[in-house]
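There are 2 protein chains.
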Amino acid sequence: MQANCHICRSEGFESLTRVQVSFGNKTIIATLNVLRGNLLENLEAGLSESAWRALGVKEGDKISISHLQPVASMSMVRAKIYGKRLEENGLKAIIEDITLGKYSGVQMAAFITTCSGDNLDIHEISALTKAMVNAGQRLKWDKEIIVDKHCVGGLPGNRTTPIVVPIIAAAGLTIPKTSSRAITSPAGTADTVETMSNISLRLEEIKEVVLKENGCMVWGGAVQLSPADDLLIKIEKALDFDGEGLMIASVLSKKAAAGSTHVVIDIPVGPTAKVRTMVEAHKLKYYFTVVGEVIGLEVEVIITEGDQPVGRGIGPVPEALDVLAVLEQKSHRPKDLEERSLLLAGTILELAKVVPVGKGNIKAKQILQSGSALKKFKAICLAQGGFRRPELSPIRHQMPSEKSGVITTIDNRRLAMIAKLSGAPSDPGAGIILHKKLGDRVKKGDSLFTIFTDTQGELNYTLRYLEEQQDIFQITQVPELSR
Amino acid sequence: MQANCHICRSEGFESLTRVQVSFGNKTIIATLNVLRGNLLENLEAGLSESAWRALGVKEGDKISISHLQPVASMSMVRAKIYGKRLEENGLKAIIEDITLGKYSGVQMAAFITTCSGDNLDIHEISALTKAMVNAGQRLKWDKEIIVDKHCVGGLPGNRTTPIVVPIIAAAGLTIPKTSSRAITSPAGTADTVETMSNISLRLEEIKEVVLKENGCMVWGGAVQLSPADDLLIKIEKALDFDGEGLMIASVLSKKAAAGSTHVVIDIPVGPTAKVRTMVEAHKLKYYFTVVGEVIGLEVEVIITEGDQPVGRGIGPVPEALDVLAVLEQKSHRPKDLEERSLLLAGTILELAKVVPVGKGNIKAKQILQSGSALKKFKAICLAQGGFRRPELSPIRHQMPSEKSGVITTIDNRRLAMIAKLSGAPSDPGAGIILHKKLGDRVKKGDSLFTIFTDTQGELNYTLRYLEEQQDIFQITQVPELSR
Chain V
94 MQANCHICRS
104 EGFESLTRVQ
114 VSFGNKTIIA
124 TLNVLRGNLL
134 ENLEAGLSES
144 AWRALGVKEG
154 DKISISHLQP
164 VASMSMVRAK
174 IYGKRLEENG
184 LKAIIEDITL
194 GKYSGVQMAA
204 FITTCSGDNL
214 DIHEISALTK
224 AMVNAGQRLK
234 WDKEIIVDKH
244 CVGGLPGNRT
254 TPIVVPIIAA
264 AGLTIPKTSS
274 RAITSPAGTA
284 DTVETMSNIS
294 LRLEEIKEVV
304 LKENGCMVWG
314 GAVQLSPADD
324 LLIKIEKALD
334 FDGEGLMIAS
344 VLSKKAAAGS
354 THVVIDIPVG
364 PTAKVRTMVE
374 AHKLKYYFTV
384 VGEVIGLEVE
394 VIITEGDQPV
404 GRGIGPVPEA
414 LDVLAVLEQK
424 SHRPKDLEER
434 SLLLAGTILE
444 LAKVVPVGKG
454 NIKAKQILQS
464 GSALKKFKAI
474 CLAQGGFRRP
484 ELSPIRHQMP
494 SEKSGVITTI
504 DNRRLAMIAK
514 LSGAPSDPGA
524 GIILHKKLGD
534 RVKKGDSLFT
544 IFTDTQGELN
554 YTLRYLEEQQ
564 DIFQITQVPE
574 LSR
Chain Y
94 MQANCHICRS
104 EGFESLTRVQ
114 VSFGNKTIIA
124 TLNVLRGNLL
134 ENLEAGLSES
144 AWRALGVKEG
154 DKISISHLQP
164 VASMSMVRAK
174 IYGKRLEENG
184 LKAIIEDITL
194 GKYSGVQMAA
204 FITTCSGDNL
214 DIHEISALTK
224 AMVNAGQRLK
234 WDKEIIVDKH
244 CVGGLPGNRT
254 TPIVVPIIAA
264 AGLTIPKTSS
274 RAITSPAGTA
284 DTVETMSNIS
294 LRLEEIKEVV
304 LKENGCMVWG
314 GAVQLSPADD
324 LLIKIEKALD
334 FDGEGLMIAS
344 VLSKKAAAGS
354 THVVIDIPVG
364 PTAKVRTMVE
374 AHKLKYYFTV
384 VGEVIGLEVE
394 VIITEGDQPV
404 GRGIGPVPEA
414 LDVLAVLEQK
424 SHRPKDLEER
434 SLLLAGTILE
444 LAKVVPVGKG
454 NIKAKQILQS
464 GSALKKFKAI
474 CLAQGGFRRP
484 ELSPIRHQMP
494 SEKSGVITTI
504 DNRRLAMIAK
514 LSGAPSDPGA
524 GIILHKKLGD
534 RVKKGDSLFT
544 IFTDTQGELN
554 YTLRYLEEQQ
564 DIFQITQVPE
574 LSR
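Line order of the protein sequences matches chains V and Y.
Using the numbering used here, count along the first sequence one by one with no gaps and you end on 576.
Using the numbering used here, count along the second sequence one by one with no gaps and you end on 576.
Identical copies look the same in the list; a pair holds intra-copy or inter-copy alike.
Lysine to any residue pairs mimicking SDA-like chemistry, simulated, CA-CA at most 20 Å apart:
#  : residue 1 : residue 2
1  : K452      : Q462
2  : K151      : E134
3  : K537      : H490
4  : K195      : L109
5  : K177      : T370
6  : K185      : G389
7  : K151      : R129
8  : K177      : N212
9  : K305      : L467
10 : K471      : R481
11 : K327      : E107
12 : K151      : S115
Read the hints as simulated data drawn from the structure, not as lab findings.
Keep in mind the model is a prediction, meaning the values are calculated, not measured.
Could you build the full structure based on these sequences and the hints that come with them?
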């Protein structure tokens, strides 16, 4: 609005004032910017695109703008910062207010910060999870057992969902899988699946797909299963951290809202993965299991190795190509991605008592090798709106090894950074394809990985970062074998 | 910028991307908004007013825009959230990055949150204070003793500075007092003094005023004594809380930067003051004293009663009128404001050894009663740019008592809220004048206070809030005295 318009003057509105904007029976919370000059007249207001959409206004409509009442539940956040415990009612009020958009970015950042760093106890995490489930939409199913899986991120390329879901669905179990887009990584499962099919389905459409094919692979953000979590995740992305209590609540609230009864959680552990120590992994395992029990979910946690990227691709399309290679049982398929997928699918089959304990892996393998999984994958894609082959970005650059020897460590975090700089996930074809992995022998000049970008600018930007980096691949010299 | 311009597309810029904007040798950090429509052409960018000023650009100048490198010191903030201690180097890096504008609002909110709620130990607070001193400008003086005072906020109307400074300056001591504007209160000392004189002086101007008159009453924000603190305070304002470690660092860093050697700190304690318990007050006293020692300041802390507003006015002009009444020794002057000012001035005179311990109050009183303080006050105002009489806002509304009896409690926080809703501090004439205070006997219908606003809209807004409030003044019925 005009800085000097009647409303700004009488209400004391200035830049960054939080305001309530109403049109008819619709109300949004917004941050005001004021301007001088002649872009707007006195008593005119401009809106952001999301505000236009949310209010459903047309040019010339009359809106009303008022001060935002102080957000009452922020007093609970303050109390938590000052050492008080968050109670069930308090968390309910906070999550409701966040869902209504009453919290500004800095207020959400304060909430996230005080919930991070081991600062929530098991009761608080359980209450937060419940609050998140209750604030969003919920799916209901007419089955006794609904299964789901989740991997605690941090491993680039760990894209098991599009392999596990069709195996499980082909086995006859119901798996209404919702996934997220990348938070701080170069690709989320939703980003990867989106390169092959449509992922933005409404609740009724998801129900149809699942009733028809036993499973789906859709974006959770589109269905508002946990709208407060969706908003918090945006701020967590800007902060580049999320607390473990928030993470557990985020994961389990979405599973509960999707109607799941049995959930397998995969926690990869490694020096550059999200979870770095077994101590931490076991603490998370305990939290997941207990919070699951409180909200009525049977949760099984498996702890896996996380010392290098899974598969060869990092970025939406590069990872989708790995997925297809496994489903199509190509000879060049990444075996590590296949093994992880079979382990998860097998564990789900055992947890849901489809097969006896110890027999899950074999059953999953049969389904994959027989081609049933590929068939089911394409059927699900078709039900979601169609299947298309993913395509890599056009500009390519190979990174050669500077030494000869054996690869002894790979830095996941910096590889993820490179993939992000190259444009992933917003450019789906951008990212990295690895040509060498841990234990591989390389010669000086051998290509370690290829970078894919949409534009030369992004490639230059990525290469500038790479120039400053050393030892993303640690290569240890070994004596040449004599023949 | 245009959402679809070449730069946004190739760099992946979108709404709220943090960017670096350069012109010549000047660089600022900014948050990008993108737009569609024809307000801007491809490759055109619009700037906020502060960006225009900071870059010193003219219409048509060519600026360059690039991605912001990840802020390295945020890893220290994350580590603190996860339980690590902040070390001196870490805090130095954080404060330097904040000073350079590298932190976004949500990142500063995370830093503030993790530093709040008793979460900084004495070493961390000391290191934070040092870092803040070193990141800003510093004043140097050719005197052995430079005194200063500070009141830990929370008491509406507690405007002792414009009374204490002239008393101390008239006594021959040097007191280069910088004050802040309101953070979450209806008036800061700077806001109040600004209704009577100019407060935005540059460092050289401050030096001139102080060399001439021994003291000044200026706005600290204009001189960048602690620029990181100035930025943090804006976010603290949006969050409506500040941690005690941040508060101590904020106060003492500004004193040290102003060149002070001896500082008196006033901590009012009361159920609705900022500090509510004696335990908390004594902890703060300990922190202030120890941190002062570490950075080379002699600090004396006095703990005072804080159970009701000081004086009668709440808001810049209402408080300025109280100040003038005391300086001019009017018969209707608020005695509580006078007593507090004399206590502080006396303590400073004793700490600086101008008078023996126990004689400070008498000396201060002599200076006030003789008219020397008033003369000095006007001389300082003149040196700062002139003296003017403050004027109240034109629209007035009296609030009558609903009962007869004796006033037994007054809610400072809600009175402050009312003054803010009426327009204070941005409308300097707005606020409240109290007609009754603790212990006063009132009859039903007696006026408890008057609200002053610039516009009818603001008055209506304030009255709507008041309708929902009860017992801001608690009035206890007592038997009528028979005559």
